[in-house]
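Undergrad: Spelled out, the chains give:
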Amino acid sequence: MSIENRLIQEIEQLQENFNLTTERMLKEIRRDQRIMGRSDKRQRKEYDELQQRLTQVEALQKEIEETQKEVVFTMGAIGETRSKETGKHVNRVAEYSKLLALYYGLSEEEAETLKQASPMHDIGKVAIPDAILNKPAKLNDEERAIMNTHAELGYGMLRYSLRPLLECAAIVAYEHHEKYDGSGYPRGLKGEEIHIYGRITAVADVFDALGSKRCYKVPWEDEAIFAYFKEQRGLHFDPRLVDILFDHIDEFKAIRERLADTPSLTLPTA
Amino acid sequence: MNPITIEATQYTPAIRLDPSGAWLIAGKSYPENTFEFYKPVMHWIEVYLAQTDSADITLDMEIVYFNSSSSKLFYDLFDLLDAKRSTHKITIRWLYDPQNESALEAGEDFIADFEFLNIQLTEK
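As you go down the protein sequences, you meet chains D and S in turn.
For the first sequence, the numbering used here assigns the number -9 to the initial residue and increments by one for each residue that follows.
For the second sequence, the numbering used here assigns the number 825 to the initial residue and increments by one for each residue that follows.
Because the hints were derived from the structure by calculation, they are not lab data.
The structure displayed is predicted, hence computed values, not measured ones.
Even for Gly, the Cβ is constructed at its ideal location relative to N, Cα and C.
You may find that some hints are simply not true.
[As the list claims (entries may be wrong)] Partner residues aside, some chain D positions facing chain S, computed with beta carbon under 8 Å:
1. Arg(-4)
2. Ile19
3. Met26
4. Arg28
5. Ser29
6. Arg32
7. Glu36
8. Asp38
9. Arg72
[Stated by the list, open to error] As a list, the in silico PhoX-like pairs of lysine-lysine whose alpha-carbon atoms are at most 20 Å apart:
10. D:Lys78 with D:Lys203
11. D:Lys31 with S:Lys852
12. D:Lys35 with S:Lys852
13. D:Lys31 with S:Lys896
14. S:Lys896 with D:Lys35
15. S:Lys896 with D:Lys17
16. S:Lys948 with S:Lys852
Just chain S, with the same shape it has in the complex:
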């Protein structure tokens, strides 16, 4: 599988997905059409999870601002990962700026909703 690299824009985050399992989503997320924007990302992850029997995945998420549909999409993304938690070693690091209270709270919400996923709050 080829890695995916998407540059950040004013409305979309930088994204890096690597077959080695080092993944990153960093920046702001309020695209005009959120699900369209993340389609290749979600597709890549689905294929990756289907093709690997086991893998070490570390997803760094450093989202400074995101809209409601991005929030929904992150839930879908975590669902994909949650479904593979028995075979794959998955770590999600939710990176936040201590000044950015709502980023911290969003991370806490994800932890509350995905109690079996290893989501770590990491102060920058």
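Bound-form chain D, shown alone:
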């Protein structure tokens, strides 16, 4: 074979190999494109589906949370119908409680839970007879003893729940009449034996009660309220919480004003 012919043969062989290789490469590239295209399509679909489900789950979660809030609020409202205290009282106590909780150092989430649980602190009063609950005079010892059972009664109503909100409410109901020096009820707990929720609610509840009109008392002047808190610092109340109250008194007063009781409706005089 001549050199030229050998050369031609070799080049033809190379050409064939080249064609085979490029064909394989093209096939490979086309397949990869197809795989990627399908993968992209599949993943888009899967991601869409995930997002859709996430939206559903989020909606459900919101529904659950709203339901829980409503139930708690309704329970608070039930409690209110049993006493002459206004709805604004529980709202104010809730707001004071959250503020105290935040300054005390609890997380925003926990402070919010306490705020939402707070309206149930007197839920046990639904089981207290009207004659005692609404007596327009000081209770005698026997009546006082019955009245005081509302803390334990409230705890009894709420204690079986494992929901954080109701667990918090159970603690608040049980311990909001405990006093820092151990002279409170129902268990006579002392100092930090009293859960922070109980200590906070005690301050918030008394701060509001003293400044409000009740069936058995006229509202106290601010000076008298402040004097009482100074006197009871470390006795009735956690001293740290009393300090917080005084350090931020303007914020507490702002809540009191914003959620002030509206005067009862009177007909305009001619």
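Got chain D; can you put chain S on it based on the hints?
TA: Below, chain S alone, put in the same frame as chain D:
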């Protein structure tokens, strides 16, 4: 040959390869390095196919989620099997949850691309 058993993880499927020909890949497949993860699996299959003159192989694939490189790897795996379809009796059962539409579609794509492989769509 010894069988291979790999436990499932959050990102990788459970894998069982047995010389009897009963094979299984089940779970999710989105490893960090797909080809690295499947290297021993592919190696085992290559050796098995080279060492056996004929065999009954049933590969159950129950993949609920897989990424693009896993998709590519499954093509490579099916290529290996496709090359032996004249000597080996190969059945691939693509198991899918009827709720999982994209798993079904992926199975249909494999059937379209490997027309000579016996791929069966099997609802769970």
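Undergrad: Could you run down the list of hints and mark each one as holding or not?
TA: Quick rundown of the hints versus the structure:
{"no.": "1", "hint": "Arg(-4)", "result": "violated (35 Å)"}
{"no.": "2", "hint": "Ile19", "result": "violated (12 Å)"}
{"no.": "3", "hint": "Met26", "result": "holds (6 Å)"}
{"no.": "4", "hint": "Arg28", "result": "holds (5 Å)"}
{"no.": "5", "hint": "Ser29", "result": "holds (4 Å)"}
{"no.": "6", "hint": "Arg32", "result": "holds (5 Å)"}
{"no.": "7", "hint": "Glu36", "result": "holds (5 Å)"}
{"no.": "8", "hint": "Asp38", "result": "violated (10 Å)"}
{"no.": "9", "hint": "Arg72", "result": "violated (51 Å)"}
{"no.": "10", "hint": "D:Lys78 with D:Lys203", "result": "holds (12 Å)"}
{"no.": "11", "hint": "D:Lys31 with S:Lys852", "result": "holds (18 Å)"}
{"no.": "12", "hint": "D:Lys35 with S:Lys852", "result": "holds (16 Å)"}
{"no.": "13", "hint": "D:Lys31 with S:Lys896", "result": "holds (15 Å)"}
{"no.": "14", "hint": "S:Lys896 with D:Lys35", "result": "holds (19 Å)"}
{"no.": "15", "hint": "S:Lys896 with D:Lys17", "result": "holds (14 Å)"}
{"no.": "16", "hint": "S:Lys948 with S:Lys852", "result": "holds (16 Å)"}
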